[in-house]
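There are 2 protein chains.
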Amino acid sequence: MEENKDIRTELDALGEFGLIDQLTQDFPLRNPSSLKGVGDDAAIINHEGDRTLVSVDLLLEGIHFDMTYTPLKHLGYKAAVVNFSDIYAMNGTPTQIVVGLGVSNRYSVEALDELYAGIRLACEAYNVDLVGGDTTSSRSGLVISITVIGVAKETEVVCRSGAKPNDLLCVSGDLGGAYMGLLILEREKAEYLANPNMQPQLKGFDYVLQRQLKPEARKDIVARLKEAGVKPTSMIDISDGLASEILHLCKASGVGCQLYENKIPLDPTTSKLAKDFQIVPSVAALNGGEDYELLFTVDQKDYEKIQRLSDDITVIGYMTADKGITELVTPDNHVIPLKAQGWDHFKTEN
Amino acid sequence: MEENKDIRTELDALGEFGLIDQLTQDFPLRNPSSLKGVGDDAAIINHEGDRTLVSVDLLLEGIHFDMTYTPLKHLGYKAAVVNFSDIYAMNGTPTQIVVGLGVSNRYSVEALDELYAGIRLACEAYNVDLVGGDTTSSRSGLVISITVIGVAKETEVVCRSGAKPNDLLCVSGDLGGAYMGLLILEREKAEYLANPNMQPQLKGFDYVLQRQLKPEARKDIVARLKEAGVKPTSMIDISDGLASEILHLCKASGVGCQLYENKIPLDPTTSKLAKDFQIVPSVAALNGGEDYELLFTVDQKDYEKIQRLSDDITVIGYMTADKGITELVTPDNHVIPLKAQGWDHFKTEN
Chain A
1 MEENKDIRTE
11 LDALGEFGLI
21 DQLTQDFPLR
31 NPSSLKGVGD
41 DAAIINHEGD
51 RTLVSVDLLL
61 EGIHFDMTYT
71 PLKHLGYKAA
81 VVNFSDIYAM
91 NGTPTQIVVG
101 LGVSNRYSVE
111 ALDELYAGIR
121 LACEAYNVDL
131 VGGDTTSSRS
141 GLVISITVIG
151 VAKETEVVCR
161 SGAKPNDLLC
171 VSGDLGGAYM
181 GLLILEREKA
191 EYLANPNMQP
201 QLKGFDYVLQ
211 RQLKPEARKD
221 IVARLKEAGV
231 KPTSMIDISD
241 GLASEILHLC
251 KASGVGCQLY
261 ENKIPLDPTT
271 SKLAKDFQIV
281 PSVAALNGGE
291 DYELLFTVDQ
301 KDYEKIQRLS
311 DDITVIGYMT
321 ADKGITELVT
331 PDNHVIPLKA
341 QGWDHFKTEN
Chain B
1 MEENKDIRTE
11 LDALGEFGLI
21 DQLTQDFPLR
31 NPSSLKGVGD
41 DAAIINHEGD
51 RTLVSVDLLL
61 EGIHFDMTYT
71 PLKHLGYKAA
81 VVNFSDIYAM
91 NGTPTQIVVG
101 LGVSNRYSVE
111 ALDELYAGIR
121 LACEAYNVDL
131 VGGDTTSSRS
141 GLVISITVIG
151 VAKETEVVCR
161 SGAKPNDLLC
171 VSGDLGGAYM
181 GLLILEREKA
191 EYLANPNMQP
201 QLKGFDYVLQ
211 RQLKPEARKD
221 IVARLKEAGV
231 KPTSMIDISD
241 GLASEILHLC
251 KASGVGCQLY
261 ENKIPLDPTT
271 SKLAKDFQIV
281 PSVAALNGGE
291 DYELLFTVDQ
301 KDYEKIQRLS
311 DDITVIGYMT
321 ADKGITELVT
331 PDNHVIPLKA
341 QGWDHFKTEN
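Which chain is which? The protein sequence lines are A and B, in order.
Residue 279 in this note's numbering sits at position 279 of the first sequence; the count goes up by one each step and never skips.
Residue 43 in this note's numbering sits at position 43 of the second sequence; the count goes up by one each step and never skips.
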């Protein structure tokens, strides 16, 4: 449903329970394991002996998104997809979400319908059921808390902790694009604030804007790895930037790592824009974050399978027995320590 | 651990991951179903064919709690317990929680340690595992999102929708106390704001203050019902007030209800205070909310078992075949429509 700009229904016209009914009315249950969805004290899920996976993400206005340039439908889609990504990163399949929503009366019912239209699109695309939630008012902006439930066979679960020395370090897709999209949006916002009559210059930036505003989770990569009979030894999704995620894998697995800077996959748009912004392109990939690609390790014996599997998987380094030593090998063969700068919300706060 | 008032560690001294480590370090896993807790993309839970129950509650500063009079340890305890209550209301057992936390830099690490000390106490008291979370900064106050996972045998689950005509309507404990506690705290806050040198007058109000600040979930009632072989036909916990919850049961079950006002259980402190505040005591019970008692229906054949079971269960009315007709029978035998005024956050917002 597209938002009709002429209609604005205030939240108190529906009340809490009316609003929940309104927002969740169009979410049919798709998974046999979703026995009971919205409308009771708890949802009922039946996972029949498989492993249940649970993860939560909190998205706060002004910290994780800026309403100046974030369409609500995209925001709903992204909020759901980044949670699904956590389940794929365990080599599992997301099956249900519960959504906690805090809204100020700055938002209309129609605006929240848009947000839920985005959540609904994501649920349809990834075959996930919305099974519950909590909706309340907020004194300051939008608060979105999504908890995702997933499932995996006992033998399929992949944790961060399984990487072994000599395992190959692989990444899906390309990196740094979401960060470039953010820089473009921030630049246009600043220009708009300086001159409100200006038209935003977003032409030609479709790829990086989509990476930022409407990311996808790599369901396809998890499926292809399974088809090819390759079980990663460790896996994580890239939300904070490549460097930070590599350090997580190394710490959890008790290994070290050598990462080759010139192997890091970059889209040409990302490389060009990074140069325009006077950023070294690989630094955007290492520290930018929000790419939601999968970073994983495989045994060396799986090298050929990985090569055949997809052009969309790149081997970028290998794990070492040197616990705690994580190194970046530069194109001119200098070896420098790999550090995470990523997103540390507590440090970037005003 | 008690907070040392002399020490204040800023959040950015630890960073996001350091803070998560600090807050979650002292949460050993207690349930065999908690296969993997904090520290990966998702927690891993193994429920072996039983039903998994999931519920989420969002608590926002300024809406659900007022830091002027809410000790952080109590807040952590309450935030966890109100979630456990949702699982007991399904006749299940809470087993795991994931905690999403948004904090502004007004809070120190020590303050958050207090909050988690309260969550830890609740987890110990109810044998629940903290298995994951997400911690981020917030531009405005504290945001707490707790998702609880629970378990129940297939045949044990009780929904809101099972009440039949002639079933007895029962409630545990007494009602209205939490609301009286809130009124006392609001009164003392107003007096303190008018005269900051004043000492708060909280003596003699222990019972209602505890009901407001440190409620318990009725794990004991669920256990006793099971021991006695009584399975409620429908059940809900009282978070919004008795009237609102009765309407939920009636709507979900497609029945009506006759509620006897003089049967509503009230603690003497609650009755006395209500009169001081010039509120009819039963109105505090009907609309006050936050008592976290269990409201449930049982078949008439279970009447004697319920009577023997506990002095802490009161039969307050019965369900009728008159779908949509919910009535309150006053002490002088007038029959008036039962309406929910409860907490509607969208209407009470400033």
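Think of the hints as simulated: they come from the structure by calculation, not from any bench.
All values derive from a computational prediction rather than experimental measurement.
One or more hints might be untrue.
With a cut-off of at most 25 Å between alpha-carbon atoms, the simulated DSS-like pairs for lysine-lysine come out as follows [stated by the list, open to error]:
#1 A:226 to B:36
#2 B:305 to A:36
#3 A:36 to B:263
#4 A:189 to A:251
#5 B:231 to B:219
#6 A:231 to B:36
#7 B:203 to A:219
#8 B:203 to A:36
#9 B:219 to B:275
#10 A:251 to B:263
#11 A:36 to B:251
#12 B:275 to A:323
#13 B:275 to A:36
#14 A:301 to A:231
#15 A:36 to B:323
#16 B:164 to B:275
#17 A:164 to A:36
#18 A:36 to B:301
#19 B:153 to B:301
#20 A:164 to B:263
#21 B:203 to A:153
#22 B:275 to B:203
#23 B:231 to B:203
#24 B:214 to A:153
#25 A:231 to A:203
#26 A:226 to A:301
#27 A:203 to A:219
What the simulated footprint calls covered on chain B by chain A, stretch by stretch (three residues with Cβ under 8 Å from a Cβ of chain A suffice, anywhere in the stretch; the number is not a length) [what the hints assert, rightly or not]:
#28 38-52
#29 55-68
#30 94-103
#31 140-148
Far from chain A, by Cβ distances over 12 Å, these chain B residues were calculated [to be verified]:
#32 25
#33 26
#34 88
#35 190
#36 194
#37 227
#38 228
#39 237
#40 251
Virtual Cβ for every residue (Gly too), placed ideally from N, Cα, C.
Output the numbers, in ascending order, of every earlier hint that fails for this structure. Structure breaks hints 2, 3, 4, 7, 8, 9, 10, 12, 13, 16, 17, 18, 20, 21, 23, 24, 25, 27, 34, 39, 40.
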